[in-house]
Amino acid sequence: EVQVLDSGGGLVQPGGSLRLSCAASGFNFNSYAMNWVRQAPGKGLEWVSLISGSGGSTYYADSVKGRFTISRDDSKNTVYLQMNSLRAEDTAVYYCAKGSYGSGKNGVLDYWGQGTLVTVSS
Amino acid sequence: QSVLTQPPSASGTPGQRVTISCSGSTSNIGSNIVNWYQQLPGTAPKLLIFSNNQRPSGVPDRFSGSKSGTSASLAISGLQSEDEADYYCAAWDDSLNVVFGGGTKLTVL
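Just so you know, the protein sequences line up as chains A and B, in that order. Okay, so the first sequence: first residue is -13 according to the working numbering, each after it adds one. Okay, so the second sequence: first residue is 160 according to the working numbering, each after it adds one.
Warning: the hint list may mix true and false statements.
[Claimed, not checked] Reference excerpt, derived from the structure (chain B facing chain A, CB under 7 Å, subset only):
id	residue
1	Ala169
2	Val257
3	Gly262
[As the list claims (entries may be wrong)] Computed list of lysine-lysine pairs in DSS-like fashion (alpha-carbon distance at most 30 Å, straight line):
id	chain 1	residue 1	chain 2	residue 2
4	B	Lys205	B	Lys226
5	A	Lys91	B	Lys226
6	A	Lys62	B	Lys264
7	A	Lys91	B	Lys264
8	B	Lys226	A	Lys62
9	B	Lys264	A	Lys29
10	A	Lys62	B	Lys205
I should point out that these hints are in silico values taken from the structure, not numbers from a laboratory. Yeah, the Cβ is synthetic: ideal placement off N, Cα and C, and Gly gets one too.
Could you build all of it, start to finish, from the sequences and the hints given here?
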């Protein structure tokens, strides 16, 4: 059974940093792309970042480029999202989602975590 | 402002057929597959349709997807009360990112 468990959210001040983690199981983790998607309170879904199955390629939304970094540790079946220079507008529930085999460049997110809330406020 | 355009709301009565549209451009829907997600109240999104018209295992055949040019549609037949949810379309964009629609809130009257 595929499982995706995201964690690491919390309250952080503007300009601060936070690292989200996503532990996955039930599939050949190192072969699959992984994504982060966020949802601000009462708003729609916004894709944040993608890392390919090989880890060799990463992609970011313009809104987070230069501030967020996605990475993966295949030995731990875990993907991370390092978030720096946080702003109030980054406040959202962050979801980790399993992508497709390989590059993941198709918008297919077939398993999602339960989400972790990040609140940026002083 | 979302890259993919969806109507903010849709509604129908039990048993009816409803459709939700998703409009994009040549850099996303026009050249890549479309996927649909269902988000029930208070829960994480769930993949409903992938690759334009394919259903993951466990998704009822009441749900169907189609694509033509730079637009796509999700159809729900035999509408049920448990279908009340937010629906999102998504696609890869050739500018190297995933784009979502703004979401459509479906109400079952």
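Agreement of A:Lys62 and B:Lys264 with the hint, judged by alpha carbon distance not exceeding 30 Å: violated, 38 Å
Would the hint on B:Ala169 stand, with a C-beta cut-off of 7 Å toward chain A? With a closest approach of 15 Å, the B:Ala169 hint is violated.
Just to be careful, I want the Cα atoms of B:Lys205 and B:Lys226 compared with a cutoff of 30 Å; is the pair within it? Holds, because 20 Å separates the two Cα atoms, which is no more than 30 Å.
Under the criterion that the straight-line Cα-Cα distance not exceed 30 Å, is the pair A:Lys91, B:Lys264 satisfied? holds, 27 Å
Is the Cα-Cα distance between A:Lys91 and B:Lys226 30 Å or less? Holds, because 18 Å separates the two Cα atoms, which is no more than 30 Å.
If you take the shortest Cβ to Cβ gap from B:Val257 to chain A, is it below 7 Å? Interface hint status for B:Val257: holds (4 Å vs cutoff 7 Å).
Going straight from one Cα to the other, do B:Lys264 and A:Lys29 come out at no more than 30 Å? holds, 11 Å
For the pair we were handed, A:Lys62 and B:Lys205, check the Cα-Cα distance against 30 Å. At roughly 25 Å apart (the allowed maximum being 30 Å), B:Lys205 and A:Lys62 satisfy the hint.
Are B:Gly262 and chain A close enough, Cβ to Cβ, to be under 7 Å, as the hint says? Since chain A brings a Cβ to about 4 Å from B:Gly262, closer than 7 Å, the hint holds.
When you check the alpha-carbon spacing of B:Lys226 and A:Lys62, does it fall within 30 Å? violated, 39 Å
Going through the hint list in order, the structure does not satisfy hints 1, 6 and 8.
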